[in-house]
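Undergrad: Chains as they are written, first to last, in my numbering: chain E, 1 to 188; chain F, 1 to 188.
Do not rely on the hints blindly, as some may be mistaken.
Reference listing, derived: stretches of chain E covered by chain F, where coverage requires no fewer than 3 residues with Cβ under 8 Å from a Cβ of chain F [unchecked claim]:
(1) 138 to 152
(2) 166 to 180
If you anchor each label on the Cβ, the simulated ranges turn out as follows [as the list claims (entries may be wrong)]:
(3) F:T59 / E:Y164: 26 to 36 Å
(4) F:S146 / E:Q160: 41 to 51 Å
(5) F:S171 / E:E51: 15 to 25 Å
(6) E:S171 / F:G75: 50 to 60 Å
(7) E:K9 / F:Q187: 40 to 50 Å
Please keep in mind that the hints were generated in silico from the structure rather than gathered at the bench.
Beta carbons: idealized from backbone N, C-alpha and C, even for Gly.
Number of protein chains: 2
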Amino acid sequence: MADNLFCQKLPVLIKYSDLEERKCSIQVSVDVQIATSPHHRKELVIRLTDENDLFFLYTLKLNEEDFQSLKSQQGLLVDFSSFPQSVIDLLELCLKEEANTVPKFVLHLVTTSKLGVNSGPSHLNVVETNPFKHLTHLSLKLLPGSDTDIKKYLATCLSQLKEYTTKLERSAENKESDLTQRLAQTQQ
Amino acid sequence: MADNLFCQKLPVLIKYSDLEERKCSIQVSVDVQIATSPHHRKELVIRLTDENDLFFLYTLKLNEEDFQSLKSQQGLLVDFSSFPQSVIDLLELCLKEEANTVPKFVLHLVTTSKLGVNSGPSHLNVVETNPFKHLTHLSLKLLPGSDTDIKKYLATCLSQLKEYTTKLERSAENKESDLTQRLAQTQQ
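Chain E extracted, bound-state conformation:
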């Protein structure tokens, strides 16, 4: 039971180390779901994927308890129920700034090692650049997907794409036969 609140491709500056970085277009999704184990509770799920690298998967799962510690660490002023929208507002700021040559708000993904190679936790930072300094509005710790996670994620993508393709095949056939029929009738 997941409720998707946001799903967009966003420019992300991936920083592997102090020396190496590259700009990527990364799919960022924000979901609220009800975790069933150990007991029912709301969870915010933020997921980063890259359609050009199917093994790229970073996830944050945050329940109310985790949020309280994040809130005190980063001095947040919102509560758990409004936090998803606050995150989305920040992401939309970054999206809006995308076209600017010097965007004011940018997303950084700071990771300790190259993707897939024993990568540890990484941080997705929403950074505002003002003339004085880089200001981190929010820093979220994301975990790289394990093989099991990636396997499950790809299976879901594949099922969804299969469903879409089947519908597309059917609708294309219907449209074609409909138009061919109308064409034949008109030509008579």
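Starting from the structure of chain E, add chain F where the hints point.
TA: What follows is chain F alone, placed relative to chain E:
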């Protein structure tokens, strides 16, 4: 560099234990590929997948050395270069017998444990049933895919399906605009 020689859905009787079995339609592919590590050599790759269970993946990779031991164990009379075709001939026998109420040739997948749950090696057997006994023509040891194997396999499927879907979208659009145009011209 893989050369696909055979790819068909075949009826397979999956036997989890002496007590439990179920009949499935399993995709069986036979490929010959050049393995690059540790050095270049030909490899026969047989893969079992199930489109209704995306995590179902069993693989056999057999090089010439493995084949020699299989040949002596099972008293085979063919050599490595003609073995792929012999396997395909047996699979086609099973396919031909599919429609019969009492098929003479059947495929059994004998596995020690339920799929995905710490499953060890399994055996794909080509079994002939004559009035006297079950005669195993060939028994191939297949390994269940690890999470990494399944992840890679699903990524390949997803890429191929994406490519197909993109082509389909384009061709459907072209056909529709072509027919719509012809319809408009005819109606004028």
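Undergrad: Now, for every hint given, state plainly whether the structure supports it.
TA: Evaluation of the provided hints:
1. 138 to 152: Holds: 5 residues of the segment 138 to 152 of chain E have a Cβ under 8 Å from chain F.
2. 166 to 180: holds (count 8)
3. F:T59 / E:Y164: 26 to 36 Å: holds (28 Å)
4. F:S146 / E:Q160: 41 to 51 Å: violated (24 Å)
5. F:S171 / E:E51: 15 to 25 Å: The hinted range 15 to 25 Å holds for F:S171 and E:E51, with Cβ atoms some 22 Å apart.
6. E:S171 / F:G75: 50 to 60 Å: Since the Cβ atoms of E:S171 and F:G75 sit about 55 Å apart, the hinted range of 50 to 60 Å holds.
7. E:K9 / F:Q187: 40 to 50 Å: holds (41 Å)
Checked against the numbered hints given earlier, the structure breaks only hint 4 and satisfies all the rest.
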